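S.K.: Listed here are the chains, written in short residue letters.
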Amino acid sequence: MSKNNANQERDDFRGWAKVLKPIAGLGAGTLNQSRKLFAFWGGLFLLFSETLSVTGEALLVPSAGSGRRALIFQMVRVGVKAIPIVILIEMAIGMILPLQMFAKLDEYGQAEQIATITAIAAFRELGPLMTAIVLSGFAGASIAAELGTMVTAEEVEALKSMALNPVRFLVVPRLIATVIMMVMLTIIADLAMVFSGWLTGLKLGIDADVYEKLTWEAVNLTGFATGLVKAGAYGMLIGLIACYLGLSVKPWQGSEGVGQATTNTVVYCIVAVIGAAAVFTMIFYAYGLFQQ
Amino acid sequence: MTEEQKNKAVIEIRDLAISFSGQSVLEGIQLEVYEGEVMVIMGGSGCGKSTLLRLIIGSFAPDKGSIRLFGREIIGIREKELDEIRKRFGILFQSGALINSLTVGENVALPLREHTNLDRATIEIIVKIKLELVGLRKQADKMPAQLSGGMKKRAGLARAIALDPQVLFYDEPSAGLDPVTSAEIDQLIVDLTHKLNVTSVVVTHEMDSAFAIADRMCMLDKGVILKKGSRREFEQLRDSDIEVVENKQDILIRQFLRGEAEGPITERKTQSDYEEDLMMAGLMPHG
Chain G
1 MSKNNANQER DDFRGWAKVL KPIAGLGAGT LNQSRKLFAF WGGLFLLFSE TLSVTGEALL
61 VPSAGSGRRA LIFQMVRVGV KAIPIVILIE MAIGMILPLQ MFAKLDEYGQ AEQIATITAI
121 AAFRELGPLM TAIVLSGFAG ASIAAELGTM VTAEEVEALK SMALNPVRFL VVPRLIATVI
181 MMVMLTIIAD LAMVFSGWLT GLKLGIDADV YEKLTWEAVN LTGFATGLVK AGAYGMLIGL
241 IACYLGLSVK PWQGSEGVGQ ATTNTVVYCI VAVIGAAAVF TMIFYAYGLF QQ
Chain Z
1 MTEEQKNKAV IEIRDLAISF SGQSVLEGIQ LEVYEGEVMV IMGGSGCGKS TLLRLIIGSF
61 APDKGSIRLF GREIIGIREK ELDEIRKRFG ILFQSGALIN SLTVGENVAL PLREHTNLDR
121 ATIEIIVKIK LELVGLRKQA DKMPAQLSGG MKKRAGLARA IALDPQVLFY DEPSAGLDPV
181 TSAEIDQLIV DLTHKLNVTS VVVTHEMDSA FAIADRMCML DKGVILKKGS RREFEQLRDS
241 DIEVVENKQD ILIRQFLRGE AEGPITERKT QSDYEEDLMM AGLMPHG
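Same order as they appear, the protein sequences are chains G and Z. For the first sequence, my numbering begins at 1 and goes up steadily by one. For the second sequence, my numbering begins at 1 and goes up steadily by one.
One chain only, chain G, in its complex shape (with noise of 0.2 Å):
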């Protein structure tokens, strides 16, 4: 009798955990996915603790010479060579934006305020973040692929051997070029989108004289200081994922790890900026910066 309740109880057991397996399985999924996401912001932040403690070190003792250059060298390759791209990016948002919203203003008799919208999503908005997608795909790829592949050649370990920290030597450079020349080039794109948009508003047939009137009442210091503050802040995003994944290659890995490495960074900076992005436009606005 009892025997027949043991088994009864088993087969139960089994009818159960077969219907359980697959929520057991999103569980344990689940779980995997919060502890890899864990794993990597936790090791994005000690990177970033590591960057600032060596940074802070550096500038006490001025190493010889070579970390200026690094730093131009990146400077050019990171941001220089993505001018034009953003630019002709900013240029056409420029344009659309005030070609989508015309007709309607223009029920209104409105029209001439897509100055103030194209002013405000530019430098509140669209030039930091679109200048940062731009960005990732450019300097976050290419810095990951080329740490990646520093990785598989030996070079990291052969840094350290020679008594160089790698984040130094490596990510310092790079990760203050990215923000650097973030800010700068999202200065640019603010100025490209403002620039077209009042292009088209001329096409559209609004006063020049009106379209710059509204342009520089809808651009505070504020709005332009909360736009470089994002811009920095993506930058360094950038930076620190694309130095994080790079380094993170496997030097048994090889192409195929550095491969990885650089789609991932592309992947992880625009979900990283574009997240960061609602995050500042929501303290900002709870702040009230946005009020006047």
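Hints were generated in silico from the structure; no laboratory data involved. Keep in mind it's a predicted model, so treat the numbers as computed, not measured. A virtual CB, placed ideally from N, CA and C, is assigned to each residue, including glycine. Heads up, a few of these hints could be off.
[Stated by the list, open to error] Within a straight-line C-alpha distance of at most 25 Å, the following computed DMTMM-like cross-link-like pairs (lysine to aspartate or glutamate) qualify: (1) G:LYS250 with Z:GLU27; (2) G:LYS160 with Z:GLU12; (3) Z:LYS222 with Z:ASP250; (4) G:LYS160 with Z:GLU106; (5) Z:LYS87 with G:GLU157; (6) G:LYS250 with Z:ASP63; (7) Z:LYS222 with Z:GLU206; (8) Z:LYS80 with G:GLU50; (9) Z:LYS227 with Z:GLU260; (10) G:LYS160 with Z:GLU73; (11) G:LYS160 with Z:ASP63; (12) Z:LYS142 with G:GLU157; (13) G:LYS160 with Z:ASP83; (14) G:LYS203 with G:ASP106; (15) Z:LYS80 with G:GLU154; (16) G:LYS160 with Z:GLU32; (17) Z:LYS87 with G:GLU50.
[As the list claims (entries may be wrong)] Partial pick of chain G residues on the chain Z-facing surface, computed with a CB cut under 8 Å: (18) ALA153; (19) GLU154; (20) GLU155; (21) GLU157; (22) ALA158; (23) LYS160; (24) ALA163; (25) LEU164.
Keeping the supplied structure of chain G fixed, place chain Z upon it in accordance with the hints.
M.R.: Okay, now just chain Z, sitting in the frame of chain G:
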């Protein structure tokens, strides 16, 4: 051998063991390298010799055991202290591992610039001397990508000796080189060891070069040290007749030293139930 043992051990390894994802890679390694000698670590691919080298230079930590460099335990010490020890040794990596964005001269100058207070002119002179030692003075302004494999290795060697290290590590110094370049590198290793009184540790599977440079040798197989001893002992084993050697282990080592296709190493590889494997692969109808 007795003469060597009078010298102090520069590297002392005790009970070293490491495993990767459950698989033991090195086990019970005991090894000491004495001042001023060339120690050659040999073994087939995947025997753990590169891992051993990486452990000695502190790239990662072992599961257990102790490694003493210059009498100091390096397992578990802080990265900063390890860096101080690292400045006293140089490493030649398999591919040279030059920094690709710097010229050859800048590569050699890098450790000098970062770790010494020498002025630019002095560094330039030292770089020239080091490059001349490896025969690359004319190539100082070239980028690594413009160099051949052998040149890259020689440039890597110039960088490794930039800080006048007391110990030099070589990871497969003659792998992928033509015989002449390979012999040149061997000659360089011997010269550097004797002229500069450097201690050298060479990881290789090229027997010609191993016998050309070694003072002492050590044979690694499947993560264990099978034999260590003077070059002479290994030469005797290599040249011994079949009848003289009965020890199975010695037969295996001799096959490796002679580079023969037949022997215990080969048998070990092919033994693994080949027929069964084929059947499993689908020759037999599945149930």
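S.K.: Closer than 8 Å between Cβ atoms is the bar; does ALA163 (chain G) clear it against chain Z? Give me holds or violated.
M.R.: holds (4 Å)
S.K.: Please check whether ALA153 (chain G) passes as an interface residue: C-beta within 8 Å of a C-beta belonging to chain Z.
M.R.: holds (6 Å)
S.K.: Between LYS227 (chain Z) and GLU260 (chain Z), does the CA-CA distance stay at or below 25 Å?
M.R.: holds (19 Å)
S.K.: Is the hint on GLU155 (chain G) kept, meaning its closest Cβ partner in chain Z is under 8 Å away?
M.R.: At 5 Å from the nearest chain Z Cβ, GLU155 (chain G) passes the 8 Å test, so the hint holds.
S.K.: Against the 25 Å threshold, does the CA-CA distance of LYS160 (chain G) and ASP83 (chain Z) hold or violate the hint?
M.R.: holds (8 Å)
S.K.: For LYS250 (chain G) and ASP63 (chain Z), compute the direct alpha-carbon distance and say whether it is at most 25 Å.
M.R.: holds (19 Å)
S.K.: Between the alpha carbons of LYS160 (chain G) and GLU73 (chain Z), is the straight-line distance 25 Å or under?
M.R.: holds (18 Å)
S.K.: Taking 8 Å as the limit, does the beta-carbon of LEU164 (chain G) come near enough to a beta-carbon in chain Z?
M.R.: holds (6 Å)
S.K.: Given the hint that LYS87 (chain Z) pairs with GLU157 (chain G), test it: the Cα-Cα distance must not exceed 25 Å.
M.R.: holds (14 Å)
S.K.: Would you check the hint for LYS80 (chain Z) and GLU154 (chain G), treating anything up to 25 Å between C-alpha atoms as holding?
M.R.: holds (21 Å)
S.K.: Between LYS80 (chain Z) and GLU50 (chain G), is the straight-line Cα distance small enough, at 25 Å or below?
M.R.: It holds: about 14 Å lies between the C-alpha atoms, which stays within 25 Å.
S.K.: Taking 25 Å as the top limit, are the C-alpha atoms of LYS250 (chain G) and GLU27 (chain Z) close enough?
M.R.: Holds, because 23 Å separates the two Cα atoms, which is no more than 25 Å.
In summary, this structure violates none of the numbered hints.
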